Every structure is written in structure tokens, then in C-alpha cells.
Amino acid sequence: MSKFDHLRGVPGSRSRLAAQVWEGARVEADPAEVPEPSDVRVPDHLRATIEHHISLYPDRRSAVLPALSAVQREHGWLSPEAMLQVAAVMQFSPAYLESVASFYDMLELEPVGTHTIFMCTNLSCQMRGAQDVLAALSEATGSPVGGSSPDGMFRLRAFECLGACDIAPMASIEGHYRGPLTVADATVIADHLRAGGAAAEVLPQKLPTAGKPAVGLDEGQAQ
Amino acid sequence: MSSAGGILLKHVDVPDLNRIETYERVGGYAALRKAITEMTGDQVLKELEASGLRGRGGAGFSMGKKASFLPHGQIQKYLCCNADESEPGTFKDRELMHRNPHQLIEGVLIAAYAADITHAFIYIRGEYEEEADILDAAVTEAYTRGYVGDSILGTGFGCPLVVHRGAGAYICGEETALLDSLEGKRGNPRLKPPFPANQGLYQGPTLINNVETLSNVPHIIANGADWFRKFGTERSPGTKVVSVSGCVQRPGNYEIELGVSSRDIIYGLAGGPPEGRRVKAWFPGGSSAPVLTEEHLDLPYDFEHMAEAGSMLGSGAIIVVDDSVPIVSVALRLAEFYRHESCGKCVPCREGTNWTVKMLERVDRGEATPMDLDVMTDVQTNIIGNCLCLLGDSMAMPVGSMIAKFRGEFEAHIEEAARSQFAVRRSPEDGPISLSDEAGLSVPATDEAA
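Each protein sequence line maps, in turn, to chains A and B. Position one of the first sequence corresponds to residue 1 (the working numbering), numbered consecutively onward. Position one of the second sequence corresponds to residue 1 (the working numbering), numbered consecutively onward.
Because the hints were derived from the structure by calculation, they are not lab data. Computed from a prediction, not measured in an experiment: that's the story for all the values here. Everything hinted at is true.
Here are the simulated SDA-like cross-link-like pairs (lysine to any residue), alpha carbons at most 20 Å apart as the crow flies:
| no. | chain 1 | residue 1 | chain 2 | residue 2 |
| --- | --- | --- | --- | --- |
| 1 | A | Lys206 | B | His11 |
| 2 | B | Lys345 | A | Tyr96 |
| 3 | B | Lys185 | A | Ser102 |
| 4 | A | Lys206 | B | Asp133 |
| 5 | B | Lys185 | A | Asp59 |
| 6 | B | Lys185 | A | Glu33 |
| 7 | B | Lys358 | B | Leu373 |
| 8 | A | Lys206 | B | Pro15 |
| 9 | B | Lys345 | A | Asp105 |
| 10 | A | Lys206 | B | Arg250 |
| 11 | B | Lys185 | A | Ser99 |
| 12 | B | Lys185 | A | Pro58 |
| 13 | B | Lys345 | A | Tyr104 |
| 14 | A | Lys206 | B | Val14 |
| 15 | B | Lys185 | A | Gln91 |
| 16 | B | Lys185 | A | Tyr104 |
| 17 | B | Lys185 | A | Ser93 |
| 18 | B | Lys185 | A | Glu108 |
| 19 | B | Lys185 | A | Ile54 |
| 20 | B | Lys185 | A | Asp105 |
| 21 | B | Lys185 | A | Val100 |
| 22 | B | Lys345 | A | Ser102 |
Going by beta-carbon spacing under 8 Å, a handful of chain B positions derived as facing chain A:
| no. | residue |
| --- | --- |
| 23 | Gly89 |
| 24 | Lys185 |
| 25 | Val330 |
A virtual CB, placed ideally from N, CA and C, is assigned to each residue, including glycine.
All chains, full assembly: derive it from the sequences and hints.
And the structure:
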């Protein structure tokens, strides 16, 4: 019996990765082992991307966030396999990577739907009806807020301020900012993505201050 | 003044401004050339100090002075541009980067030259994927033209520039948390001192400036500190891009001279609240600033007057709340935000934000008493100044100010919510309740229970 057996099933050890760590736990070894590079198969392009990021910084640790983002794009989420791949290339323990990943909102430690929609629900959006749009999006995509749709198509989250209060209420659809949204737009977005349309092409993009002149100093004081 | 379009947003309507040819055509990179080929680093630094440019990220500290704190001599120094714009209500940096990325890059390089820094980073929040792509493309263009890299414009000065994307954490806008995040760790703030100017990124001296601050730098070097001082006020020189949002008719970014009246911004530029509504409360500097009310609308909008009124200019994000919005819901939404974003390192912030949310929920449900408002105020005062960073304070200040300024509304909200709760609990069998008029309670009906 392993020294750590009694810890199985503690909160935080729910993932397969954690299970592996417990299974493999040896009293004499550091449980947070760095995988041998030769033990883990990493796709060439992924390895090249991670190594490129490492080359940009004086310290390889700085490339952790770019590497995790890259591997998440590849796998859809930070699966145990994805974590092992980053760990093998960067030579950090998977436990360290998970400790970093769990801090950041955009890194997913559970499987999620393919198309990600972040609906801003902070103050400026809320005062302009974000909750109604969020409810409509949830209905149109079939995804509960904070979860994914059963068909695996959508991931819907209520997000904190996305920095686009000028187009409130707004949402980030796979990284593309769209707003001001109405309840009717929810179906348009869901149908577009369901039909395989590119996220960049859903609804017209409204740039900040687009359609109105940049207000000058003189005009500002005249009014 | 002939600059109808301000300083920072002057050329934003020029098509393809994000391309380097266009930027050069409107005079771009001339300031970098002037700084590197005609001036010494110290001269550039003096000019920045003389301009009186104050940091635009929130604290309002003199940018030139901050740069002068970095030690001189042969030591690896770093510059981090803080583009982790996450303060609710703020969206100025997004527009500056989206429309004019080269202005920022030029500013970063001039600032690096002034402080003799040889490695620069732009830390951009992960949600700004479009802006990060635009910046990446712009940096690549600047590399090919020799404005960035190992030997800028053929001189001995070299400074590589890396655009680093975050992954969604408000706290990473705090300068020391930003450094930890950039080092590939969890974004926990560090104990200060040592300040980043002495010991920052990779333990080296580090200069951290906001996007808007650095975007001002090329204009100051091109036109001189005296020119810059002609804008704004004596102690708050220059222009400010304010983001106006919330209950206004024309939300957006407006470049103003510091010192114009707040009413001119909210009513004149942003159109004021919708027809028939009044300004109930407004945040002058993002959601972390204590709220002001209608009576403060005629104050000049600058660092000093906002501070005198008990608030702050902060990031220059004005959020307007009109009289249709219950103040309790504003306080609750903000408290929830700070609870979510607290990194959990310091107890007053981690527990204080959590308890504030719980107490505000009770207020909202009508389960609180007016005494709870005093307890909540007490919680806020016990957060302020007791943590490593200002995140906890950023909740405590606005929530505390809302309770202080709108106490009557909080109490009325508690009373009303309690009354409807009572009606709900009572009614199914009992039918309509008629409470005695002597008690001063008149419950409208029981339709909510049905």
C-alpha cells in the first residue's frame, strides 16, 4: 500500500492526471516528476511552437502561458496528455503546469465545447441588458451558463469585463468581439456557428468609436 | 489649437493606420529616429520628466520620474508595457492598440532608450486576441524596417520586443502580479518594496508603464515638453482618453484635455443618460474608484479635483449609473467581480470580498438589518491598506462609498425586500394580507406568491 493511498479522492485529484500521480506515487520519489522527453510523443509543429516561445524569453519558464495556450488550441482543453506534452518539451512537472493553469480563466482543465462564447456580464454590460442576452445565448446554444452544450458544440461563460463597454452588451465569440448584442442576435450566432461558419464572420464588427468622428479638444470644450 | 482630433487619437480615422507605411506617412517613427540619432538617453529622460506626463494606468505617478528611478550602469534592465486592461469600464488601451499599434511600439522603444533598457515586453490580456494579432503583425513590420531588434536604425542601441499574451486574470494588471505572470507563474502580487524599479522581472530593474502613457511618449519627443504642457492643467498636463460607458447615449472613447468639466464629458460628449433619466452615481476612474454623485458633475476632470472629491481619476473610465438602476445591484455586481478576481493570497481581500458578497446578497434578499450596513462598512475599512496589492481596496472603496452615499437607499431596499419576502412566506393559504396601518406597512398584494 502506498503512503499516499489515503489521499485518493481528495478534492483536486479528480482528473486522470492526478489519478496517475497517485497511482505512481512512490515514497522515495518526488511525486511531481518531470517526464522524460523521449517518453512523450509530441507533434512536431507543437514542439516547434513551444520551442519558438521559449526562444523569445531569457527564462524558459516565461513560455508557460503561451505554451499552455498553444496546446489548448490543439487539444481543445488541457487534457492530461496535453499537459504531459508541454511538461516534456519545457521540462517542468505536470503538477507545476496545472498549478499555473488553474489560476487563469481562459485555460480549461475540463473538456469543453468547441465554440467558445464569453458573454461579458460586468457593470456596463449588465446595465444594458447582458443578463437577457446571456439567457438567450444559453437557450440558443443549448449550453448552460458556465458549462458546455451536450452536443459538444458550444462553451458558454459569463465573463468579467472584457474591455469593450463601448459596444455593451457584448460577447467574445472565439476571440472576436461583437456588440451591442440583442436577444435576437443569440440565435444568429448559434445558427452561424452550428452551420460551420467562421466566428470572424458572424455579425458585423463594430470597432471602437467606429462611425463617429474622434472628438477633438476644441469640440470637447465647445460643448 | 489646431489639433482637432487630439494627440493620441489624432489619426485614428486614417485607413490602414496599423500598417507601418501609413504610420510613417503621418509622421510615425520620426520621434524614435530623433531620440536615437540626435539625443542621448539622459536628454530623452529629462524631456519626459519636464513634460510632467503622469501614468495613465491608474496611479498617476510621474512617468519620467519612474523611469529615472532605474539604476544606471551595466545591468540587465527590462521594460514591461502593461496592456492587461481589465478594469471594468476601461477600453481605451484596446482602441489605441487596435487602431494605432505602431504609436505604442514607438513609445516603448523611446522609453527603453531613455532608461537604457535592452529588453522590452508588452503584456496584453489574453482576451484581446485581435489586438494581440495586430500588435504581433506591427512588431514584425517594425523589425523588418529596423526600428526594433539588435541594432535599431543602425546605431549601437538594441532592444528586442515581445508581445506576451496573458490568459485571463484581472490581477495580472497589478504590476508585480504582471511580472510573476510574465515569468510563467501564478499571477500573485509581490511584497513591495523592493519596487520593480529595483528588482522586477527576472530580479532585474524593470520599468512598467501603461499603454496610454507610452503612446504619449513619441509626441512629447517629437514636439517637446513645452508643447505637451500647453494641454491640460499645470499639474495634470496633456490629454486623456476617457472611456465613457454605462447609462449614456453615446458610449465610447473620447480624448479630452485634463481639467474640462465632468459634465461636458458625460453630457456633452457621451450624450448623458437616456431621455428622462438622471445621473444617480458615476465612477470617475473605473469600477475601483469611489462613486461620485450628481453634485460632483461640475468638477474639473483631472487628478487633483477627483482626489479632492474623495475619489480618483484612475484609468479614466467613467461609468454612469442612472436613476433606474438600484444601487444595491451595482454594489453586488462589483463585489462579485472582485471576489472572483481576488488571487487569494492575502486574507483581508480573500475573505473580505467573499463576506461582502454574502452580506450584499442578504441585503438584496431583505434578510439584513441596517446594522449589517455598519458591519459591512467595517469590513471595508479593515481591507483597505492591509493587503499586498490594491485589489481588496478596489472593492472596499467603491462599496464603502456607495453605502456612505446611498445609505437611505440600502435601508429602503432591505425594508422593501423583507416586506415582499414576508408576503411570499405568508400568503398561499392566508390569502391577501392586510397589515395594520399603524405599523406603517402596506403590502400591495400577494400576486408574487401566486
